[in-house]
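Enquirer: For the protein sequence lines, the chains are U and Y, in the order given.
In the numbering used here, each residue carries its 1-based index in the first sequence increased by 1295.
In the numbering used here, each residue carries its 1-based index in the second sequence increased by 1.
Simulated from the structure, these hints should not be mistaken for lab results.
For each residue, glycine too, the CB sits at the ideal point set by N, CA and C.
Among the clues, some could well be false.
[Said to hold, decoys possible] If we take Cβ atoms under 7 angstroms as the criterion, some of the chain Y residues that face chain U in the derived model are:
1) L312
2) R378
3) M381
4) A382
[Claimed, not checked] Just a few of them, taken from the derived set where beta-carbon distance is under 10 angstroms, the chain Y residues facing chain U:
5) E306
6) T309
7) M311
8) G316
9) V331
10) R333
11) S374
12) A379
13) R380
14) L384
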Amino acid sequence: MKLIAAMSGGVDSAVAAARAHESGHEVIGVHLALSSNPQKYRSGARGCCTIEDSHDARRAADVIGIPFYIWDMAEEFHEGVVENFIAEYAAGRTPNPCLRCNEKIKFAAVLDRARAMGFDGVVTGHYAITREGPAGKTLHRAVDESKDQSYVLSVLTIEQIAGAIFPLGDTTKVDVRKEAKARGLYVANKPDSHDICFVPSGDNAGWLHQRLGSKVGPIVDQDGAQIGEHNGAYTYTIGQRKGLGLSVPTIDGSPRFVLKVEPLTNTVVVGPREDLAVTRMIGEKTVWCGPAIGPEKNRGFVQIRAHGRPLACTYYFDNDVLIAELDEPLFGLATGQQMAIYDDDRVVGSATIWQTQQ
Amino acid sequence: MPVYLDHAATTPMADVAVAVMTQHLTKVGNPSSLHSYGRDVRKDLEGAREEIATALDCHSSEIIFTASGTEANNTAIKGLFWKGQAVGRNVVVISSIEHHAVLDPAHWLALHEGAEVIEIGVDSNGIIDLAEIEDLISRRGDEIAVISIMSSNNETGVVQPIGKVTELAGTIPVHSDAVQSFGKIPLSFKQLGLTAMSVSAHKLGGPIGVGALVLRKGFDIPALLHGGGQERDIRSGTFNTPSILAFAAAVKESVQTFSERNERVAGLRNQLVQGLLAKVPGAYINGETAERVPGIINATFPGTESDTLMLLLDGEGIACSTGSACSAGVQRPSHVLLAMGHTDITARSSIRFSLGATSTSLDVEQVLRALPSVIERARMANLR
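From just these sequences and the hints, can you work out the full model?
Expert: See the structure below:
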């Protein structure tokens, strides 16, 4: 096959590209420039699109022996990921930008462009597995549970999964690093990237403040009594306990948590942990990674964070929404998070949470 | 072997240059030493200087060897500015289509040394606006420290009227970046009336890592590199003798083959241009009706993006370039094409094919065979 290997400059995508090349595919390495004004060097483990990263990607491509190009996706990234991230927070929700990047950039803009140019698919260093089955290619969890990235890929459609190649799904991270070293790739020991690449400081709240401005509002308890003040409701996440700066303690000294973020009134509602309990979540904008399901109830798992644990649930799709009913209550679930449904290790599909119920 | 159509970036070394260089790599002796070893290499070195001086129609003492064309440009622009600044001249005049090796030192002077940089515009063919220069000189001539206009443009190949610039400038020092012209169009330092001129070896069959600044006799400028004072105290550093000798060998051959080679390259260029225009509807050549160096073609393919084109051409075994990339490797719209009136979009739809001494008719045919499908796929990829 003719493949585009998306190379971030990290160890995973380098080994993925090397494996694809070695297995006889015609591979071209592409580094996505996602910032129109990239920093020169990585600072710590954050950021994934500095000039240093593009040099690392190029060096890896040269060592592997494949052509290498840089694609400027800064505009698409800004529109599809960064603006969405800001808008979601402004609306009181908690988005996951890595997931949007996979949905709108890596397996949309890049895959579309690759296909138009005559390529068959896109190779990435994601830890996930695809399997050919009677219903086409399906998406599954990686062998390395601690690195499994099927959650951030749960936004891919069947069409997109058909064009996705994940050579690392059967390998542990430890072994990928060993393989990189054996292949003479000098990124073998490069630290993993964490957090959000376009917030290099790691200070999400500060970054959002710069873009959304500060707007003082009340922090209230469930009865509506004001017990504190904040600089912008959008920097709070449901379930958050730290950094509330409340002046009025609870009678029994028990901690308070963010229960609700109300963007219209710029209000943050706090209360006891038990009020965070959620047993039912409802998601919109459902994406199917395999055959679609209907209103009949299924047993499986739902995952709501990239490295969260799978939660046993009953799930079904009814009236255009995806519903998961949890066996055990969950504490601290924010709207805007993605709910990914699993049938054992297979990703059924996912939806964006717009409502939770106790 | 892939077809190499990026001779303007660097062109293969001439066999004679390789022979001279390898032969001298084993020879010991610093040309600045007074003993017999030193004298031996000094003799060769000065012979090389004379060879190059003859080709450029200047005095051999006017040649200052540097490590690159970039260094020659930096030395000239900064040195001429500082010389002028000492007598109250603060303005640096360049064109809007200069290579970064001129643009960047000029703007560095603005940022760090208080210079005022004025950029002269170009017409849609990429030729500098002489009326603008004339007007500027008539109003502010006594403020200008240096005028630097390239001899021919690296992206489009368009030749600039340097003789007319020096005529207008009178006693104002004029520098010209002639890196893309040397070996391709006649260059007479004397007749052009220049104060300074930059050339580079690897654009005409010499090795990478050696160039020269031609600086008028008696017209000394402050140095960038201080040290042993080897080159008129304007450029210090031990002479890179093997490279300088190979440079001279390449120049000698370039002079000997000048007419035959340039006619042949121009013929190939015309073959490529005609084929390209016939096979790709909507395509056009930038600077087409202007006088150009023989080997450079800058073509716009509407509806495509240059980075896609290069990837696809690479896949077809064709090496070409855009002539402009930022340090991150992201294609930016060319400042040269923007200055010629392109929009961001059409500037990003343009690539450069550059031919040289080793180019053949088969190279051109391969490009013309690959082009229609490449353009079609690039246009599809652009419909996002």
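Enquirer: Does each hint hold? Answer for all of them.
Expert: Hints versus structure:
1. L312: 5 angstroms, holds
2. R378: Given a least distance of 5 angstroms, the restraint on R378/Y holds.
3. M381: Holds. Min distance 4 angstroms.
4. A382: Constraint on A382/Y satisfied, holds at 4 angstroms.
5. E306: 9 angstroms, holds
6. T309: Holds: closest Cβ of chain U sits about 7 angstroms from T309/Y, inside 10 angstroms.
7. M311: With a minimum Cβ separation of about 7 angstroms from chain U (threshold 10 angstroms), the hint on M311/Y holds.
8. G316: Interface hint status for G316/Y: holds (7 angstroms vs cutoff 10 angstroms).
9. V331: This interface hint holds because 5 angstroms falls under the 10 angstroms limit.
10. R333: Since chain U brings a Cβ to about 9 angstroms from R333/Y, closer than 10 angstroms, the hint holds.
11. S374: 9 angstroms, holds
12. A379: Given a least distance of 7 angstroms, the restraint on A379/Y holds.
13. R380: 9 angstroms, holds
14. L384: 7 angstroms, holds
Comparing the model with each numbered hint stated earlier shows that all of them hold.
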